[in-house]
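Novice: Protein sequence lines, in the order shown, are assigned to chains A and B. First residue of the first sequence? That's 1 in my numbering, and the numbers climb one at a time after it. First residue of the second sequence? That's 1 in my numbering, and the numbers climb one at a time after it.
Think of the hints as simulated: they come from the structure by calculation, not from any bench. Note that this is a predicted model, so its numbers are computed, not measured. Watch out, some of these pointers could steer you wrong.
[Unchecked claim] Here are the simulated lysine-lysine pairs, DSS-like style, with alpha carbons at most 30 Å apart:
#1 Lys94/A <-> Lys385/A
#2 Lys60/A <-> Lys28/B
#3 Lys153/A <-> Lys86/A
#4 Lys67/B <-> Lys28/B
#5 Lys86/B <-> Lys313/A
#6 Lys79/B <-> Lys153/A
#7 Lys153/A <-> Lys85/B
#8 Lys301/A <-> Lys60/A
#9 Lys39/A <-> Lys94/A
#10 Lys298/A <-> Lys32/A
#11 Lys28/B <-> Lys153/A
#12 Lys397/A <-> Lys86/B
#13 Lys36/A <-> Lys86/A
#14 Lys47/B <-> Lys60/A
#15 Lys105/A <-> Lys37/A
#16 Lys28/B <-> Lys60/B
#17 Lys86/B <-> Lys153/A
#18 Lys396/A <-> Lys85/B
#19 Lys37/A <-> Lys300/A
#20 Lys37/A <-> Lys60/A
#21 Lys86/B <-> Lys396/A
#22 Lys55/B <-> Lys28/B
#23 Lys86/B <-> Lys391/A
#24 Lys162/A <-> Lys300/A
#25 Lys55/B <-> Lys79/B
#26 Lys85/B <-> Lys397/A
#27 Lys94/A <-> Lys32/A
[Claimed, not checked] Take a look, some chain A residues computed to stay more than 10 Å from chain B by CB distance:
#28 Val38
#29 Thr41
#30 Arg58
#31 Asp68
#32 Asp70
#33 Gly102
#34 Trp244
#35 Ser311
#36 Gln337
#37 Lys397
[What the hints assert, rightly or not] Using C-beta positions, here's what the derived DEER-type ranges look like:
#38 Ser19/A <-> Val51/B: 55 to 61 Å
#39 Lys28/B <-> Trp244/A: 42 to 48 Å
#40 Lys397/A <-> Asn25/B: 45 to 51 Å
Each residue gets a CB set at the ideal place from its N, CA and C atoms; glycine is no exception.
Okay, here's what each chain looks like letter by letter:
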Amino acid sequence: MKTLLVIVLLLVASLSAWSREFEVVERSEANKQIFKKVKLTNLVSHDSFDGEYFKIVRGKSDEAISFDEDRELILKAATVYHHLTKARNYFVDKLDSDYVKGLEKVVVRLELTNQFSELGHFAHDNLGPQFNNALTIPAGQGMASRNISPWGKEIWFRPSKKVHLSSLDIKNQDHELEGIVKRFRNQVHMQTFHRFLSQLILTWTNDNYVLDTDSALRTVGATLFLELAYRSQDTVNYVFTRKWYWLDSALVPEIIYHEYAHVALSDYLELTHSTPIIEGMADYFAGKIANSPTLAKKIKKYNTFNGKDASRKNEYQIQFESYDWANTDFVFGLLWQVGEVVGENKDSFMYELRQEITTDSSIRGQLIEGILTTCRRSCDSPFNKRIQLLKLLHNKKL
Amino acid sequence: MFKKMMSIMLVFAVFTVSAQATTQNGLKTAFDELNYALTVEWDQQDKNFYVEQMKSFKSKVNELQAKGLSNKELIEFAKSEVKNKKLAADLDTAFSMISLNRMTSEQASEYLVDLVKKGYSTGASWSSDAGVWIGVGLLLVIVGVAVAAGGGGGGGGGGTYYCTDRYVCDYVCQYDYYYGTVCFDDCYWTCY
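Take the sequences, apply the hints, and build the full model.
Specialist: Okay, structure coming up:
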């Protein structure tokens with residue numbers, strides 16, 4: 001009898017979730033990147049990253065990453081597992097999401113370069129390998145005729161790859177310094193130069209006109225100085241600015257939150273493709289989980305390029321509706337400001353908002369309509385809040 | 001007599017609907033087979049493989065057309081396969097443009113592929129992803145339909161398929177710490 005009891009106890013212990021300590025990438029109180037030892041909870045395996053809610057695998061494998069793998073991969077797996085758990089807890093504890101509570105285990109793939117194939121799960125290795133990104137894929141039915149089994153929703157983290165910026169044909173940019181100098185040159189400097197020329201012409205053509213020599217020399221000096229600065233700025237930029245781009249998405253907490261938010265919102269927002277709406281909503285919840293209006297910043301060891309900022313003062317432009325601009329932070333900023341107007345229950349407000357929109361909604365049409373409808377239903381003083389929201393939308397040129 | 005008439009009409013209606021469903025299912029199966037072959041099996045280098053798959057797809061579509069699949073159904077099916085609804089709506093305009101401008105099949109396929117290559121299911125990603133639209137095969141067949149309607153020339157829809165290497169660019173915009181909004185051409189070689 002005693003032996004049986006011990007066996008049963010051992011069995012229960014082996015089947016129940018347990019925790020283990022790992023080093024992960026975290027944020028400090030000042031939102032800086034730090035390394036920290038944390039306990040990973042709800043693990044169901046004693047020797048791999050297989051948990052009750054997440055299984056972390058490498059590439060196309062179905063086996064969870066072992067705790068004996070190399071240090072770099074362990075850091076990624078532990079960081080991803082830790083932040084996914086945090087993101088899930090937010091939706092379960094704070095928003096009481098029944099949908100998230102009922103989700104099946106999410107498979108999370110690290111270091112995968114294959115494109116997503118709706119039919120075959122993974123496209124051929126040679127079909128445009130992907131780096132420096134992360135994505136969430138919809139569940140698939142598989143293809144019985146080709147022995148492709150069905151799969152659930154998955155999160156994929158691409159490996160990082162150093163890309164020289166000169167290999168990207170960057171165009172049409174007003175870089176901060178370059179833009180300022182260019183505009184100043186074009187507007188102010190050319191005007192003063194024209195004034196100087198007209199003064200000179202007046203001196204030659206009008207006997208009564210006396211040229212102010214000091215003023216003329218100042219104009220010429222300033223003009224030459226400005227021209228020199230303009231001509232040399234490319235060299236200055238080249239010396240002082242970054243030349244390489246890379247993104248290790250599995251080590252950036254806000255990107256992990258962003259991807260999980262896609263999963264948590266997928267009962268209404270389809271995961272088939274990126275749009276400004278679906279990305280903006282995921283950004284908003286990533287910001288709330290991170291408790292910060294900035295995403296993927298101050299983490300230059302792992303990300304040298306992208307970063308999103310809800311406090312950026314952007315006005316609406318028609319191109320923000322298009323696919324090409326899906327990952328800019330206009331919708332993120334807009335939702336953040338809407339949240340400030342809504343006040344205390346902003347998180348549940350935003351979660352409710354997903355019911356009013358779809359992945360393909362437009363910003364100017366359905367998103368605005370959805371915000372106002374949700375407010376009519378859920379704002380604490382709907383009339384006043386709706387007026388404030390309309391004012392905000394007007395200021396954003398929406 | 002009335003009962004008999006009604007029964008005959010019902011039988012015809014059921015037969016028509018089921019025949020329609022069969023051709024639609026056949027098209028979906030043929031399309032999925034082609035997509036699987038070109039995205040999962042094809043090493044992206046063996047051009048003969050590409051040409052063979054396209055020929056086989058075209059002959060299946062021809063069979064379905066012989067069984068009653070109309071051009072309109074073909075176009076509607078293509079639209080239903082484009083996941084991005086805004087792009088799907090744009091397809092109507094695109095087909096009209098091809099017909100009106102009497103584009104050649106090469107011009108038309110370039111125009112259409114460029115329009116819809118981002119419309120397929122690529123997942124929701126953190127930053128812009130140059131996802132390859134993999135419904136190209138179906139499009140090329142439809143291009144044939146649209147080109148024929150416009151009176152354009154070329155062989156894209158006529159049964160001869162060439163996998164032509166093309167250097168294509170996607171316009172991608174991202175935010176950057178230093179530069180603000182940065183747009184650039186993400187260019188690569190592809191074949192259609």
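Novice: With reference to the structure, classify each hint as holding or not holding.
Specialist: Going through the hints against the structure:
1. Lys94/A <-> Lys385/A: holds (23 Å)
2. Lys60/A <-> Lys28/B: OK: Lys60/A and Lys28/B at ~27 Å, within 30 Å.
3. Lys153/A <-> Lys86/A: Roughly 18 Å separates the two Cα atoms, so the pair holds.
4. Lys67/B <-> Lys28/B: Holds, because 15 Å separates the two Cα atoms, which is no more than 30 Å.
5. Lys86/B <-> Lys313/A: With a Cα-Cα distance of about 27 Å, the restraint between Lys86/B and Lys313/A holds, given a limit of 30 Å.
6. Lys79/B <-> Lys153/A: holds (25 Å)
7. Lys153/A <-> Lys85/B: Status holds; Cα separation ~21 Å.
8. Lys301/A <-> Lys60/A: With a Cα-Cα distance of about 27 Å, the restraint between Lys301/A and Lys60/A holds, given a limit of 30 Å.
9. Lys39/A <-> Lys94/A: Between Lys39/A and Lys94/A the Cα gap is close to 21 Å, so the pair holds against 30 Å.
10. Lys298/A <-> Lys32/A: Satisfied, since the Cα-Cα distance of roughly 6 Å is no more than 30 Å.
11. Lys28/B <-> Lys153/A: holds (23 Å)
12. Lys397/A <-> Lys86/B: holds (23 Å)
13. Lys36/A <-> Lys86/A: Satisfied, since the Cα-Cα distance of roughly 15 Å is no more than 30 Å.
14. Lys47/B <-> Lys60/A: holds (26 Å)
15. Lys105/A <-> Lys37/A: Judged against 30 Å, a Cα distance of about 25 Å means the pair holds.
16. Lys28/B <-> Lys60/B: holds (11 Å)
17. Lys86/B <-> Lys153/A: holds (24 Å)
18. Lys396/A <-> Lys85/B: holds (26 Å)
19. Lys37/A <-> Lys300/A: holds (21 Å)
20. Lys37/A <-> Lys60/A: Between Lys37/A and Lys60/A the Cα gap is close to 28 Å, so the pair holds against 30 Å.
21. Lys86/B <-> Lys396/A: Within the cut-off at roughly 24 Å; holds.
22. Lys55/B <-> Lys28/B: holds (16 Å)
23. Lys86/B <-> Lys391/A: Within the cut-off at roughly 29 Å; holds.
24. Lys162/A <-> Lys300/A: holds (13 Å)
25. Lys55/B <-> Lys79/B: holds (22 Å)
26. Lys85/B <-> Lys397/A: holds (25 Å)
27. Lys94/A <-> Lys32/A: At roughly 25 Å apart (the allowed maximum being 30 Å), Lys32/A and Lys94/A satisfy the hint.
28. Val38: Given a closest Cβ separation of 23 Å, the condition holds.
29. Thr41: With a cut-off of 10 Å, Thr41/A remains clear of chain B, as the shortest Cβ separation is near 26 Å.
30. Arg58: About 19 Å separates Arg58/A from the closest Cβ of chain B, which puts it past 10 Å; holds.
31. Asp68: holds (30 Å)
32. Asp70: Consistent with the label, Asp70/A stays out of reach of chain B, its closest Cβ about 25 Å off (over 10 Å).
33. Gly102: The assertion about Gly102/A holds, with a minimum of 21 Å to chain B.
34. Trp244: holds (13 Å)
35. Ser311: Check passes; 13 Å lies beyond 10 Å.
36. Gln337: holds (17 Å)
37. Lys397: holds (16 Å)
38. Ser19/A <-> Val51/B: 55 to 61 Å: holds (56 Å)
39. Lys28/B <-> Trp244/A: 42 to 48 Å: At 45 Å between Cβs, range holds.
40. Lys397/A <-> Asn25/B: 45 to 51 Å: Holds, at about 48 Å.
Hint compliance for this structure: every hint is met.
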